[in-house]
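Novice: Given the structure of chain A, go ahead and fit chain B onto it with the hints provided.
Take a look at the letters that make up each chain.
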Amino acid sequence: MYEKYSTLAGKIQFIEQQLPAQRGTIYDRNGNILAMDVPARTLYVDTRHIDDREKTMKILASILKIPVSEIEKKFREKYPRIKRKLTVEEYTAIEKEKLKGIVFEEDYKRVYPKGKLACHILGFTNVDGVGIEGVEMQYNDILSGETGLITIPRDGRGNVLNSLSRVIRSSVKGKDIYLTIDERIQQIVEEEIEKCWEKSCPKKISVIAMDPKTGEILAMANKPDYDPNVPSRFPPEHRKNYAVTDLFEPGSIFKIVTAAAVLEEKKAGLDEVFNCEGGKWFIRGHILHDAHPYGPLEFQQIIIKSSNIGTVKLAMRIGEETLYQYIKKFGFGELTGIDLPGEIRGILRSVERWSDYSITAIPIGQEVGVTCLQAIRAISVFANGGYLVRPHVLKKVESSDSSLLHSAVTGEPLITSENIMTLNSILARVVSEEGTAVKAKIHGYSICGKTGTGQKFINGAYSHSKFIASFLGFIPLEDPKISILVNVDEPVGAYYGGAVAAPVFKEVAWRIMQYMQVPPQSTSIAMTGFQTYENKRTD
Amino acid sequence: MKTRRRKPDWITNLFLVAAFTFCYLIIYCKAVALGYRVSDLERTCKQLKNWNQYYRSQILRELSLEKVKQRAEKMNLSLEIPETWRIISLANSETEIEKKDKSAHAEELR
Numbered sequence: 073m074y075e076k077y078s079t080l081a082g083k084i085q086f087i088e089q090q091l092p093a094q095r096g097t098i099y100d101r102n103g104n105i106l107a108m109d110v111p112a113r114t115l116y117v118d119t120r121h122i123d124d125r126e127k128t129m130k131i132l133a134s135i136l137k138i139p140v141s142e143i144e145k146k147f148r149e150k151y152p153r154i155k156r157k158l159t160v161e162e163y164t165a166i167e168k169e170k171l172k173g174i175v176f177e178e179d180y181k182r183v184y185p186k187g188k189l190a191c192h193i194l195g196f197t198n199v200d201g202v203g204i205e206g207v208e209m210q211y212n213d214i215l216s217g218e219t220g221l222i223t224i225p226r227d228g229r230g231n232v233l234n235s236l237s238r239v240i241r242s243s244v245k246g247k248d249i250y251l252t253i254d255e256r257i258q259q260i261v262e263e264e265i266e267k268c269w270e271k272s273c274p275k276k277i278s279v280i281a282m283d284p285k286t287g288e289i290l291a292m293a294n295k296p297d298y299d300p301n302v303p304s305r306f307p308p309e310h311r312k313n314y315a316v317t318d319l320f321e322p323g324s325i326f327k328i329v330t331a332a333a334v335l336e337e338k339k340a341g342l343d344e345v346f347n348c349e350g351g352k353w354f355i356r357g358h359i360l361h362d363a364h365p366y367g368p369l370e371f372q373q374i375i376i377k378s379s380n381i382g383t384v385k386l387a388m389r390i391g392e393e394t395l396y397q398y399i400k401k402f403g404f405g406e407l408t409g410i411d412l413p414g415e416i417r418g419i420l421r422s423v424e425r426w427s428d429y430s431i432t433a434i435p436i437g438q439e440v441g442v443t444c445l446q447a448i449r450a451i452s453v454f455a456n457g458g459y460l461v462r463p464h465v466l467k468k469v470e471s472s473d474s475s476l477l478h479s480a481v482t483g484e485p486l487i488t489s490e491n492i493m494t495l496n497s498i499l500a501r502v503v504s505e506e507g508t509a510v511k512a513k514i515h516g517y518s519i520c521g522k523t524g525t526g527q528k529f530i531n532g533a534y535s536h537s538k539f540i541a542s543f544l545g546f547i548p549l550e551d552p553k554i555s556i557l558v559n560v561d562e563p564v565g566a567y568y569g570g571a572v573a574a575p576v577f578k579e580v581a582w583r584i585m586q587y588m589q590v591p592p593q594s595t596s597i598a599m600t601g602f603q604t605y606e607n608k609r610t611d
Numbered sequence: 701m702k703t704r705r706r707k708p709d710w711i712t713n714l715f716l717v718a719a720f721t722f723c724y725l726i727i728y729c730k731a732v733a734l735g736y737r738v739s740d741l742e743r744t745c746k747q748l749k750n751w752n753q754y755y756r757s758q759i760l761r762e763l764s765l766e767k768v769k770q771r772a773e774k775m776n777l778s779l780e781i782p783e784t785w786r787i788i789s790l791a792n793s794e795t796e797i798e799k800k801d802k803s804a805h806a807e808e809l810r
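Chains as they are written, first to last, in the numbering used here: chain A, 73 to 611; chain B, 701 to 810.
One chain only, chain B, in its complex shape:
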């Protein structure tokens, strides 16, 4: 009976080591590339945060009374404090009102 010749073990091992090394290198390179991308994104994120903070301060500045007054003056709008005011508060609980009418309306009386 003719016996089949087996490949020596070291060839298989070499092949496996090469394959693993290749995979390892690819993964390592990808990880390094990913690291660069992450650090780039981190930098971009930081810059965006900076911009965000900056614009936030600008918006707040524009909302300040001083600026609102300036704009109102520019647009010929007068900011006047109302002479009369009202507070309407519920005297009864909502359920009681609902029982009566099913709907509750708060309207100002003139």
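This is chain A alone, in the form it adopts within the complex:
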């Protein structure tokens, strides 16, 4: 009985109020702040204790930049909330006025000081501080702290006695996290995306830069983008992380899988010649075209020149089932397991569901849907000695024992090191005068890569005016430091991967090499006591 009435009395005499917890800070891999909480206040007004109603309304309206009429409407309530998340400046300005009846409640506001930088990775929080996109959502539990509790006594008239408040439970700050993202590399990528956006006016662009040996995402950016400080000002499609949530038909970049499968199965020799039918081949009721008419081409030339006909002939050697197994091995049709929300599997139909024509389409990247992440993971296999890495963005959690939360590589190597060396020598020739990606060439560096120009599948047919231009590569060949994927959706004007995406790769890679201080191999000048490496962006 006593306890019952004591609890009831307590409810009348005291108000319980939650103390908000500060959310953890998000850093890049070098400790640069990408997202942080700043103190903010929520402003309430106890209208019963206001001295001068008109004056108070005018002052609040001018400081908070809210129309007086709106404040007047709120003042009709007894204890209205005027504004949430006041900045320190607003709060101090109001406090200086020493107005009566003003009540502040402690709160925090999420701030992304770098603006749009890495917006699709970071995501954002809602007004209650709950992550609803990106890393903010993925690691919401780690970043959110524990809210505290205070009791505030009330006098006989029900007035709140703030000065006599008692802390029952202190709030605990959320844990800080460090991402694998490198702010500088992210900046480079976003700058180059911007240039491409202005030049090619595409529908969207995605670029990913990844450490091929560990799967650490160093940069990931999409255009259109948004400012996470004010996400509501941007349409929802700007907030999508296309690199993770959207699929595309990869086109010729998929030929790396076909080539790897053929080599691994020893179904064709490197110098073996295939007839590329002069660029037009009637096969299984369809006509297959090449971008340029080729006659007889060696296996390696087929990849270097990106011949569709030659690639299909190669694929036919290994057959549907084997090709499918290799596509699966390279991680297509499955989640990469990246720690970002909204990842999709892509489209890879089982062999039983392949049509008679599929063997002529899938080897050249048609009839399959892949994500940018899956594609960059596939090229990284050639850069890291044959392993399928798990892409990830979380490097470590503050005060966590294990600094590396993700294992670098998983499983057995997909292809033998000899075949990797062979394929890499072919892919290096793609980025040369004889290949399709001469525009990705950087003086002094050996680059491996593959271009892709996928026709968009619209209304049941492949479009002849809408393309996806892509380039997939890594640099430098000798000791790969970074894999880069460039994906440009519906560029205007030039649409070939070699013409649109390769130059973006070149600029991004060149600048990253400078930043990482990776010297070029072929133009070193040895001096007495010093070695000087010099390089020019243009040949």
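Certain hints may be false.
As the list claims (entries may be wrong) - Heads up, incomplete: computed chain B residues facing chain A, CB under 8 Å, no partners named:
hint, residue
1, Tyr-736
2, Arg-737
3, Asn-750
4, Trp-751
5, Gln-753
6, Ser-764
7, Leu-765
What the hints assert, rightly or not - Below, in silico cross-link-like pairs of lysine-lysine (PhoX-like), each with a Cα-Cα straight-line distance of 25 Å or less:
hint, chain 1, residue 1, chain 2, residue 2
8, A, Lys-157, B, Lys-749
9, A, Lys-377, A, Lys-513
10, B, Lys-767, A, Lys-247
11, A, Lys-339, A, Lys-285
12, A, Lys-245, B, Lys-769
13, A, Lys-400, A, Lys-339
14, A, Lys-170, A, Lys-150
15, B, Lys-749, A, Lys-168
16, B, Lys-767, A, Lys-170
17, A, Lys-513, A, Lys-285
18, A, Lys-145, A, Lys-352
19, A, Lys-145, A, Lys-127
20, A, Lys-170, B, Lys-749
21, B, Lys-767, A, Lys-271
22, A, Lys-168, A, Lys-157
23, B, Lys-769, A, Lys-137
24, A, Lys-271, A, Lys-511
25, A, Lys-168, A, Lys-155
26, A, Lys-275, A, Lys-538
27, B, Lys-730, A, Lys-267
28, A, Lys-168, B, Lys-746
29, B, Lys-767, A, Lys-267
30, B, Lys-767, A, Lys-157
31, B, Lys-749, A, Lys-155
32, A, Lys-312, A, Lys-145
What the hints assert, rightly or not - With the Cβ distance kept under 7 Å, some of the chain A side facing chain B (calculated, not the full set):
hint, residue
33, Met-108
34, Val-110
35, Val-160
36, Gly-187
The set of hints was computed from the structure by calculation and includes no laboratory data. Please read all numbers here as calculations on a predicted model, not as lab measurements. Idealized CB from N, CA, C, for every residue including glycine.
Specialist: Leaving out everything else, chain B in the frame of chain A:
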């Protein structure tokens, strides 16, 4: 022989108790006053921390590429990526160089 009259013990005790009580009260009051000062300072410290955090975010915002670009545009400065670049790395250990010359200079060649 005239014996000196001793003060009764209770007067001494009373005096001592009063003195101790007085000291205790003074110290207690000082402790209470100190407590208020500490809580005031704590509040000020918290406010300063808040300001610090706020200005930190503002500085970071001003340092962001977006803002730097805006300022550069305003001041008619062009931010261009250099066409050429160099990395100079020591090929020999410092001691070997010192033996030769006593001083090491890294200069760019033009």
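Novice: Next step is simple, just say for each hint if it's right about the structure.
Specialist: Tested hints:
| no. | hint | in the structure |
| --- | --- | --- |
| 1 | Tyr-736 | 12 Å, violated |
| 2 | Arg-737 | 16 Å, violated |
| 3 | Asn-750 | 4 Å, holds |
| 4 | Trp-751 | 6 Å, holds |
| 5 | Gln-753 | 5 Å, holds |
| 6 | Ser-764 | 4 Å, holds |
| 7 | Leu-765 | 5 Å, holds |
| 8 | Lys-157/A <-> Lys-749/B | 17 Å, holds |
| 9 | Lys-377/A <-> Lys-513/A | 16 Å, holds |
| 10 | Lys-767/B <-> Lys-247/A | 29 Å, violated |
| 11 | Lys-339/A <-> Lys-285/A | 29 Å, violated |
| 12 | Lys-245/A <-> Lys-769/B | 34 Å, violated |
| 13 | Lys-400/A <-> Lys-339/A | 19 Å, holds |
| 14 | Lys-170/A <-> Lys-150/A | 20 Å, holds |
| 15 | Lys-749/B <-> Lys-168/A | 19 Å, holds |
| 16 | Lys-767/B <-> Lys-170/A | 35 Å, violated |
| 17 | Lys-513/A <-> Lys-285/A | 22 Å, holds |
| 18 | Lys-145/A <-> Lys-352/A | 74 Å, violated |
| 19 | Lys-145/A <-> Lys-127/A | 15 Å, holds |
| 20 | Lys-170/A <-> Lys-749/B | 22 Å, holds |
| 21 | Lys-767/B <-> Lys-271/A | 23 Å, holds |
| 22 | Lys-168/A <-> Lys-157/A | 18 Å, holds |
| 23 | Lys-769/B <-> Lys-137/A | 28 Å, violated |
| 24 | Lys-271/A <-> Lys-511/A | 15 Å, holds |
| 25 | Lys-168/A <-> Lys-155/A | 17 Å, holds |
| 26 | Lys-275/A <-> Lys-538/A | 10 Å, holds |
| 27 | Lys-730/B <-> Lys-267/A | 68 Å, violated |
| 28 | Lys-168/A <-> Lys-746/B | 17 Å, holds |
| 29 | Lys-767/B <-> Lys-267/A | 18 Å, holds |
| 30 | Lys-767/B <-> Lys-157/A | 23 Å, holds |
| 31 | Lys-749/B <-> Lys-155/A | 23 Å, holds |
| 32 | Lys-312/A <-> Lys-145/A | 37 Å, violated |
| 33 | Met-108 | 6 Å, holds |
| 34 | Val-110 | 5 Å, holds |
| 35 | Val-160 | 4 Å, holds |
| 36 | Gly-187 | 5 Å, holds |
When each numbered hint is compared with the structure, violations occur for hints 1, 2, 10, 11, 12, 16, 18, 23, 27 and 32.
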